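J.: Kindly produce the complete structure, drawing on both the sequences and the hints.
From first to last, the protein sequence lines stand for chains A and B.
Numbered per this note's numbering, the first sequence spans residues 1 to 116.
Numbered per this note's numbering, the second sequence spans residues 1 to 115.
These are calculated hints, taken from the structure and not from any lab test.
Check before you lean on any hint, since a few could be wrong.
Said to hold, decoys possible - Now the stretches of chain A that chain B is said to cover, found in silico as 3 or more residues with beta-carbon under 8 Å:
no., segment
1, 31-44
2, 48-59
3, 80-87
Note that this is a predicted model, so its numbers are computed, not measured.
All C-beta atoms, glycine included, are put in the ideal place defined by N, C-alpha and C.
Residue strings, one per chain:
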Amino acid sequence: GAGVSQSPSNKVTEKGKDVELRCDPISGHTALYWYRQRLGQGLEFLIYFQGNSAPDKSGLPSDRFSAERTGESVSTLTIQRTQQEDSAVYLCASSLNGGGDGGELFFGEGSRLTVL
Amino acid sequence: AQSVAQPEDQVNVAEGNPLTVKCTYSVSGNPYLFWYVQYPNRGLQFLLKYITGDNLVKGSYGFEAEFNKSQTSFHLKKPSALVSDSALYFCAVRLPYTGRRALTFGSGTRLQVQP
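T.: Next up, the structure:
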């Protein structure tokens, strides 16, 4: 497809389980972003990848959260030992580059995570 | 640090009336400013951006925004609201070349246009 693709669209898990969320960015986009949106709230930055540079992990809320990206393609966000406060929609976005040109972000439809 | 504030959780306006959704920012330097819209059950979509140049920028769906450096604001406007404009609107900011490379988003403003 032409857009950012995220999977799964919905995930229900039990507290303490690990989950993995996947993002397929738009082909050719070198920058990839993960955000979290809790119910009724704004977007919370998690992590940013730009080409082969070291990722900006400054938004990850705890060491239970990690993310990887393979080259300039797929990214996975992993949450270990999930807690109920992790329940949110996890949004992935990509952009042509992450530099100073102010390029717009293209968002996926998100992965809704519910931790019981 | 860069931050952006949307002081109104919700804005209500009648169809056909002008609308304004407020945004103020706090960054050192010359920011890039953005508006995104989130329709129900859909992903965020880019509306418009200010990079440099003319303070009034025009975007999708008839929206425009005015960059005001002295007031550090970037309010979103539309001359005549449509019911279909009802959605969640996010202002975002980033500094070019320095600081956090990802966009910092405001908390969002829900726009409700009544018929």
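J.: Taking 8 Å as the C-beta cutoff, is the stated coverage of the segment 80-87 of chain A by chain B satisfied by three or more residues?
T.: violated (count 0)
J.: Against chain B, does the segment 31-44 of chain A show at least 3 residues with beta-carbon separation below 8 Å?
T.: holds (count 6)
J.: For the segment 48-59 of chain A, count the residues whose Cβ lies under 8 Å from any Cβ of chain B; is that count three or more?
T.: This one holds; 5 residues, not fewer than the three required, reach chain B with a Cβ under 8 Å.
In summary, the one numbered hint that this structure violates is 3.
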